[in-house]
Amino acid sequence: MFVKLIEYIGTVARKPIEEIGRIIMLFYSILKLFVRPPFEIKHTIKQMLEIGVKSLPVVLITAVFTGMVLALQSYTGFKRFGAEGLVGSVVALSMTRELGPVLTALIVAGRAGAAMAAELGTMRVTEQIDALETLAINPIKYLIIPRFLASLIMLPALVIVSDIVGILGGYFVTVIILKANVTTYMRMTWDYLETQDIYNGLIKACFFGAALSLVSCYRGFYTEGGAEGVGKATTGAVVLSFMTILISDYFLSAWLFE
Amino acid sequence: MIELIDIHKSFGKNYVLRGLNLKINKGESVVVIGGSGSGKSVILKHIIGLLKPDKGTVMIDNSDISKLSEEELNEVRKRFGMLFQSAALFDSMGVWENVGFGLRQHTHMHDEEIKEIAIKKLKMVGLVNVENLMPSELSGGMRKRVGLARAIAMEPEILLYDEPTTGLDPILADAINDLIINMRITLNITSVAITHDMKSAYKIADRIAMLYNGVIVGVGTPDEVRNTSDPVIRQFITGSASGPIKVEGR
Ligand SMILES: Nc1ncnc2c1ncn2[C@@H]1O[C@H](COP(=O)(O)OP(=O)(O)O)[C@@H](O)[C@H]1O
Ligand SMILES: [Mg+2]
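In order, the protein sequence lines correspond to chains A and B. Last residue of the first sequence: 258 in our numbering, with the numbers rising by one and none dropped. Last residue of the second sequence: 250 in our numbering, with the numbers rising by one and none dropped.
Think of the hints as simulated: they come from the structure by calculation, not from any bench. Possibly wrong hints are sitting among the right ones.
As the list claims (entries may be wrong) - Each computed DSS-like pair below joins lysine-lysine, with the alpha-carbon atoms no more than 25 Å apart:
1. Lys13/B with Lys55/B
2. Lys141/A with Lys52/B
3. Lys78/B with Lys141/A
4. Lys141/A with Lys67/B
5. Lys32/A with Lys52/B
6. Lys78/B with Lys32/A
7. Lys115/B with Lys42/A
8. Lys115/B with Lys46/A
9. Lys78/B with Lys42/A
10. Lys13/B with Lys232/A
11. Lys15/A with Lys13/B
12. Lys32/A with Lys67/B
13. Lys15/A with Lys52/B
14. Lys46/A with Lys32/A
15. Lys15/A with Lys4/A
The shape of chain B in the complex, shown without the other chains:
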């Protein structure tokens, strides 16, 4: 279980999270929606301990991750997989080495075994015959899927997806949605995804949470969100420029 309790975070004068609360149950799929630059990626980085809150606590299975030693935090991190918004592939290594990086660092497997697993994971995300390419030779959508393959390589319990479908064509985006759903069903993975693709959100979420002004302003099932009367959430899901969310200053 993941619990964010009263998280405050600012970067200089930029006050991004202002007392955010969010609880994600084991095996659940939660999607966080919110405007560009509203702090969605910052939330994910708090969950995996890349950023520390100025105030508040991040609890993973009832332990406060800011109180863990480096080794303990790394043990927690091994249970996570994270897909970065920009994929964040290591550009000094080839595709299969990217996917197998965690295995190479944390297991005693041989390169052939690692490569075999990498190829299997790449296939799961719809990529074949790319294992020997370098990241610079890939398109944006391929990079994202390699990033996803790397995130699932160690068979994590919890997956964090930062905009998994952004930049993909609609068919590929839907394939990724199916993949996220499948992994959750077959492997009982807990997942936290960030997106502003509402179609994807409705499809993969058990619950959708809306981030606005540094706090979660509403949480509900896809049906509840679809039928909400909250003006902020309504404006966001219908994608309207007029309403309580102002376009300026973003």
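So that you can see chain A by itself, here it is in the shape it has in the complex:
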């Protein structure tokens, strides 16, 4: 009975554990190849633009409405016990510490991460990755590292934009629509927001950027089984990225803001 249970856990756990192992191996190859020339600077810049252009409109809209709804909800809620003056700090802290990094990461995972998995998956099933290897090119260096670096750099950049836009959205709702006191709002935003909050949010962003590109590239790079396989790799990449972002967010928060 006990042995059966262990066996059962073993068979269920084997695949995810194997997968985590392979993702770690890929990460190790990235670190090892990262320092070795030639550096694919042109490709990295191209990928950065790709990620920025693909994700910026959605990031802007999401951030501004998140800031607005945060302000709206906390204003009406806090008014019940006369604490509506705190809205500014609620918006600023929530955006920088939590919602800016997480929402931006989810958007980039859904847009750019999915594109990475689809592109690499297509290259795998059409033997383009094999062709690279026969031309004496390391495909991890040529294809994955530029995407990984671009994501690592662009995520914090997008998060800064998202933080600013979110706080502006909160300002707009509180001060212009709900006609609250401007000075209170501004004071509450600045007095309680520490640079540490912003930094920690950006550390999260870097982590999410690295994780989502690693997971998406992994899924695309090891695609099997034709066009259907590419579809599976793409949805798989998005699901796995979302899980990684949301789960690691808790642990990062616990660690960074303890």
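Starting from the structure of chain A, add chain B with the ligands where the hints point.
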């Protein structure tokens, strides 16, 4: 010299190569024939190190390629050119950039020089005025020839052709055959080609090897193969559905 010694390879439960032996001498042209899905492409991928055997060794000029470091393997690969069955063109770049990809990555040539060489190689495979197109704008036969131009761009010593004439019309197929023969004569290239086009096999091969059930069941000159009494080879070269090779399960 290329030597495959007792190669075993399976994918999950699919046991594809079962102790395959094949030797290809320098400057020789060997054609491997065999049914669809019998593992012909898998053989080529072992020769260039894209796949590693479960058991057995692949020797290129007396060195075991599974024992080489990544840099050493890349040096070996620079001596090869490979034409993939589906051409495997990089669809993010134009035709001339595909052909010149190796030159751009491994030499310090300028783009103009690379483009010039690419145009020359494209001409060799019978393509003109295609250099600025994207791969998606090409027909199947054109893609294959661009793939061939890319394979010869770095002037390799050894060329691996995976079904070079499949999907081409008979005239074009024969032009590709001539090209393969020419390159071998003028550049003294060693070539390994895979095909089930017997006309092409007879024309380009010094020796023909038949793959069946994961092993090479017979090797011989085109004349020897034509006159073989081996029932498996006879059935294949005459293209008959009845005989020792069963059609089911393939
Ligand atoms: N990378 C791979 N993963 C799993 N199975 C493969 C792989 N490559 C080839 N196979 C299988 O090996 C067998 C032989 O394939 P292949 O060499 O492509 O045949 P062909 O002789 O038509 O070129 C097929 O059953 C194919 O499904
Ligand atoms: Mg094949």
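Checklist line | Ascending list of hint numbers which this structure does not respect | finding: none
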